[in-house]
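Chain by chain, the residues run as shown.
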Amino acid sequence: MSSVPITRRLPLTWLGLLPFLIFATLFLILPTMHIVIGAFQDRSGAFTLQNIKDLNTGTIPSSYWVSVKISLASALLGCLIGFGMAAAVTFGAVPRWIRSPLMTFSGVASNFAGVPLAFAFLATFGPVGLVTVFLRNNFGIVLQRDLGFSILSFWGLTITYLFFQIPLMILIITPALEGLKREWREAAEVLGATATQYWRMVALPILFPSLLGTFALLFANAFGAVATAIALTGSSLNIVPIQLFAQIRGDVLGNPNLGYAMAFGMIMVTAVANVLYIWLRVRAERWLK
Amino acid sequence: MSLWARITGWIVLIFGLTYFALPLLGLTEFSLKARRGVYSLDAYTKIIGDPEFQATFTYSIMMALVTILFGVLLVVPTAYWVRLKMPWARPYVEFITLLPLVIPAIVIVFGYIRLYNTSSWLPMTGTIMGTNLLLAFGYTVLALPYMYRAVDTGMRTIDVATLTEAAQSLGAGWATILARVILPNVIPAVLSGAFLTFAIVIGEFTLAALLNRPAFGPYLARIGANKPYEPFALSVIAFGITWGCMGLIQFANRLSKHTKAAQ
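For the protein sequence lines, the chains are A and B, in the order given.
Taking my numbering, the leading residue of the first sequence gets 35, the next gets one more, and so forth.
Taking my numbering, the leading residue of the second sequence gets 866, the next gets one more, and so forth.
Everything labelled a hint here was simulated from the structure, so no lab data went into it.
It cannot be assumed that every hint is accurate.
[What the hints assert, rightly or not] To spell it out: a stretch of chain A is covered by chain B in this simulated footprint if at least three of its residues, at any positions, have a beta carbon under 8 Å from a beta carbon of chain B; those stretches are: (1) 118-127; (2) 249-260; (3) 278-285; (4) 297-310.
For every residue, glycine included, the Cβ atom is placed at its ideal position computed from N, Cα and C.
Excised from the complex, chain A in its bound form (with noise of 0.2 Å):
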């Protein structure tokens, strides 16, 4: 910095990111670090770590497990389907054409949680939808008696939850797999591999951190996601986002500050699944450039 000649304004560049940090800061940073402090806060104040560990009473763990496993499971099934779907137009397997179509409507579909979707599956899987009363009617099974299936459980929501996370999957991983050089596959082939041992040995190990990163991204989003949950089962299921929204509406836990801790239990969730995505996706990189 020596050889900058000096002058004697001070630097005033700063200023124009002000406005932008000061937003950021009262209506991002703020919120959450006061959702955080408080979740290490007794009533009085004082520093604690009680509530964190009140969050192992009552239903708070169950809730949570319930969240993680719908979560791995609406990201796992996200990911294979997702992956299939990217893979047969990306590698020619169906008309080129359908690639442009598909990635718009993953566009809006990625983004479209929220409570229609959660009545398009009602007006489908639910007692008197379409598919249960097609199933019925020319099928004699009834979901609910014969696969023990209801839209309102566990499954139910997993089902759901792919409407936005298969098209999250498209959106994201469609780029990595047209990474994949073709140059590679013939260099495979001159060799003597075969397919299987192409995809076993070159693509999925160069893949893999895209597909893990993108299945932390996945299980992030439907772990966060409320509106659909709330919508379709009401206060049925016991869910972290749900029990969540009870409490920030009529502090149920019957203590403040746990609600604190249950939401930071939520941010450290997110976090450690997009820290894994942020990581993965910088080893990705590394090869599909």
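With chain A fixed as given, assemble chain B onto it according to the hints.
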């Protein structure tokens, strides 16, 4: 491409497309069943005539427009300034704009309720106007990742430094440069961010419900509990709006390709 791979590809694709088509089909079909035995638009006419629908829908549209305005005023100057004067700060600003994807919306609004309640230093939830403003700020935060990325990508395609110097040598001030030189050049990017914001805000539930504002999302959830067909008709409308917005984003992107080609 072997035959086997082709067949698998088709099976996967058709399976996936069926999965996406069924709920949309089920939803539309159900929304038309309000009259016994025949398909009718009864549910639609009934719900569109509901004054509460009109009120909440107008409210959400207003909210979306205010959010877009805030978003543009906040993001365009910031992205411009970072590109022009502080490129080193770009990763940090980008990191902040991505935070709303990490912190669940329900946690952010929880923070608002506790931080800006009536007994706090900034009692925004004390008045209706203040709460509306807080909700709009909350939506701006939710839309920040999409808005910033769209505008920043748009800025990359234009030569910000040259445009600024040219405008300055003609005597333009910062406000003029932003409003009459930079903004018109990134308008397709701004539009695509704006439509996405619109699609997010119009059906948003969590923030509006917890801040107790009469928005479309909470209204939809509430009538879902006590009306048989109307909520399904409303959901079709909500899907339609989202699709419309995405169509407009495609249009805006095509627009930006045209302007680039013309340069």
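Tested hints:
no.: 1; hint: 118-127; result: holds (count 8)
no.: 2; hint: 249-260; result: holds (count 4)
no.: 3; hint: 278-285; result: holds (count 4)
no.: 4; hint: 297-310; result: holds (count 6)
Checked against the numbered hints listed earlier, the structure breaks none of them; every hint is satisfied.
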